[in-house]
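Colleague: Line by line, the protein sequences give chains A and B. Counting from 7, one number per residue, gives the positions in the first sequence under my numbering. Counting from 10, one number per residue, gives the positions in the second sequence under my numbering.
Check each hint, because a few of them may be wrong.
Just a few of them, taken from the derived set where beta-carbon distance is under 7 Å, the chain B residues facing chain A [unchecked claim]:
id : residue
1  : 116
2  : 141
3  : 145
4  : 173
5  : 176
6  : 178
7  : 222
8  : 223
9  : 227
10 : 234
11 : 244
Keep in mind the hints are simulated off the structure, nothing from the lab. Even glycine gets a Cβ: it sits at the ideal position worked out from N, Cα and C.
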Amino acid sequence: MNFERLKEKLEILADAAKYDVSCSSSGGSRKNKKGALGDSSASGICHTYTEDGRCVSLLKILLTNHCIYDCAYCVSRSSNDIKRAGFTVEEVVDLTINFYRRNYIEGLFLSSGIFKNADTTMERLVRVAKKLRLEENFNGYIHLKSIPGASDELMQEAALYADRLSINIEIPTESGLKLLAPEKNRQDMLNPMKYIQNGISQYKDEKKIFRKVPKFAPAGQSTQMIVGATNENDLQIIKVADHFYKNYNLKRVYYSGYVPVLEDNRLPALTTAVPMLRENRLYQSDWLMRFYGFKAEEILDPNMPFLDLEVDPKLSWALRHLHQFPINLQTADYQMILRIPGIGVKTAQKIVSARRFQVLTIEHLKKLGAAVNRAKYFIDFTAGNIHLRHLTDINLRKLLIGGSTSKFQNQFSQQLTLF
Amino acid sequence: MTTLLYDGSFDGLFTAIFEVFEYRYKDVEIVSRERFYQENIFAEIHEVITQNEKAERVLNKLEQNIGKSGIHELLKVFLSEDIELEQLILSAVKQSIQHPDKNILQNYADHDMLKISKIGKSVSRERHRMTAFVRFEKMQDDVFFAKIDPDFNVLPLIRKHFKDRYQDQKWMIYDLKRNYGILYDLENCDFFYPDEKLDLQKYQQKFHDEETQYQTLWQRYFTRTNIVERKNLKLHIQHVPRRYWKYLTEKN
Numbered sequence: 007m008n009f010e011r012l013k014e015k016l017e018i019l020a021d022a023a024k025y026d027v028s029c030s031s032s033g034g035s036r037k038n039k040k041g042a043l044g045d046s047s048a049s050g051i052c053h054t055y056t057e058d059g060r061c062v063s064l065l066k067i068l069l070t071n072h073c074i075y076d077c078a079y080c081v082s083r084s085s086n087d088i089k090r091a092g093f094t095v096e097e098v099v100d101l102t103i104n105f106y107r108r109n110y111i112e113g114l115f116l117s118s119g120i121f122k123n124a125d126t127t128m129e130r131l132v133r134v135a136k137k138l139r140l141e142e143n144f145n146g147y148i149h150l151k152s153i154p155g156a157s158d159e160l161m162q163e164a165a166l167y168a169d170r171l172s173i174n175i176e177i178p179t180e181s182g183l184k185l186l187a188p189e190k191n192r193q194d195m196l197n198p199m200k201y202i203q204n205g206i207s208q209y210k211d212e213k214k215i216f217r218k219v220p221k222f223a224p225a226g227q228s229t230q231m232i233v234g235a236t237n238e239n240d241l242q243i244i245k246v247a248d249h250f251y252k253n254y255n256l257k258r259v260y261y262s263g264y265v266p267v268l269e270d271n272r273l274p275a276l277t278t279a280v281p282m283l284r285e286n287r288l289y290q291s292d293w294l295m296r297f298y299g300f301k302a303e304e305i306l307d308p309n310m311p312f313l314d315l316e317v318d319p320k321l322s323w324a325l326r327h328l329h330q331f332p333i334n335l336q337t338a339d340y341q342m343i344l345r346i347p348g349i350g351v352k353t354a355q356k357i358v359s360a361r362r363f364q365v366l367t368i369e370h371l372k373k374l375g376a377a378v379n380r381a382k383y384f385i386d387f388t389a390g391n392i393h394l395r396h397l398t399d400i401n402l403r404k405l406l407i408g409g410s411t412s413k414f415q416n417q418f419s420q421q422l423t424l425f
Numbered sequence: 010m011t012t013l014l015y016d017g018s019f020d021g022l023f024t025a026i027f028e029v030f031e032y033r034y035k036d037v038e039i040v041s042r043e044r045f046y047q048e049n050i051f052a053e054i055h056e057v058i059t060q061n062e063k064a065e066r067v068l069n070k071l072e073q074n075i076g077k078s079g080i081h082e083l084l085k086v087f088l089s090e091d092i093e094l095e096q097l098i099l100s101a102v103k104q105s106i107q108h109p110d111k112n113i114l115q116n117y118a119d120h121d122m123l124k125i126s127k128i129g130k131s132v133s134r135e136r137h138r139m140t141a142f143v144r145f146e147k148m149q150d151d152v153f154f155a156k157i158d159p160d161f162n163v164l165p166l167i168r169k170h171f172k173d174r175y176q177d178q179k180w181m182i183y184d185l186k187r188n189y190g191i192l193y194d195l196e197n198c199d200f201f202y203p204d205e206k207l208d209l210q211k212y213q214q215k216f217h218d219e220e221t222q223y224q225t226l227w228q229r230y231f232t233r234t235n236i237v238e239r240k241n242l243k244l245h246i247q248h249v250p251r252r253y254w255k256y257l258t259e260k261n
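In isolation and in its complexed conformation, chain A is listed as follows (with noise of 0.2 Å):
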């Protein structure tokens, strides 16, 4: 094997799939045959964290970078005059099986630019896969990214050997898809999503009658939405989401704050800031749907379709419900206990298995973990808590503010730095 050249794409094909922020490894389990390699269990691993603090828990490769589209928030736009290069089926084998041996990742994440059409690079994407099991017993995970436009046929091929399939659908609204990527178009997004969910409920169906049957999708499938490239509002983009969600039961909506890398007049300029503090509460409201049972009316509505940048999504919540609080920890349900701001489902969990052995005072909630400047003002005790006067203070929200820092707070600033 040749490693200069090897080296050269791996830098090059690696860069321009960074910008896919799914790392996932979970949600899959994969039991290792006997003498085999690889082992993938539900929780997954990150392996190590990029100086941007994001986790790497797999190979994240595009499979070549030349494309027949031009959209235009794409780095490898076919427009764009960049390097090109493309891996052969046995090099992104070789590199996921050797990263595999060393314990660097969980397995592999293929992506690809289109060459030729869609078929002929999911073909060549399903080949990875294939080999990656049949030849090299490989139990590891592997997440395929289904090009738009592919055939049922090679959607059910690569659901047979992938643990997870995704398709960005990249633009929050039609309209904004339309101006950016014209020769895309969300059906042939939407089909093999479509397909693919048709057959993961199938799967479930025959596994309670027959006992062995070929895994598929077990991970299920995600998918991407770039934030900030376009003018979609928040209320959009979790509508979306929701969307989303109830009807293709996707596992995971990733949000992705547009980083400017192209000058098109269509787009934000060069100098515009990755929007990190709105992508922040955007999965903030996301965690709010999938583990804190908020619907997607609660978070926002018509009336303010943006988020609060100032205070998180369930804070902000609570502000416009006053009147559904104070919460008594001691007999509140769960679901309640889990609506209290700066209360996690761990710590929720917590306080309704240790109220069964004691009274819980203000005192135990911060033990238990709970960020108490925010809780303390939602909360009744059994005792009494004096916080519960300012409940009703037109100036609640400033002392919330001023009770807590921002992890954000200068670094993402959404505001322009001058000098």
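Fit chain B to the given chain A structure using the hints.
Modeller: Leaving out everything else, chain B in the frame of chain A:
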């Protein structure tokens, strides 16, 4: 005050706990022989001889009350090497025997039980980190070798993870701080305890021909997958604390 001296093993500790009940000691401390130095000259010393049957009896009783997962929590406290570990585990056993119908470990409002839960969390975090941060280097004899020096003694907690994952390659993980390791030779996966510290200098010279090349590929990948515009070193260090850097291929 009675001081129970045990041999530092898990079974030894539970033998000692059995004897606390057997001899109805009220005011006691349990100390491992290695860590013992006498400061209280009026203390009465009781030497514990490890007896598996006694330890088993305590553990079986405990398992009825707090379940397998509860025992696992206590094992993590033991492996934490925390200086209060004996006192905490004794406290859990005592409370569990007083309240056999409850899982006493869930009483997070109790000082000792909360501490057990916190230590458990720390140990689990490091266990998880070791499944992530172990870096194997391929040697000339085809063994994939990794060295670690975790804050807690987590090697026993990661054996199964690596055993499940790497069945078709020989590998070895060596704890530099505690001077012992795990070795898998395609058949067995056992702990080994060398008489002397491994000479890493010498071992490190025996890299397989392709090893440095894959290391370079990995370093390049690591650099290129980073998005410069989103640099956030604080977060990076929070996830990958500096103390682990020296063993991470991508950080060297």
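Colleague: Please list, smallest to largest, the hint numbers that this structure does not respect.
Modeller: none
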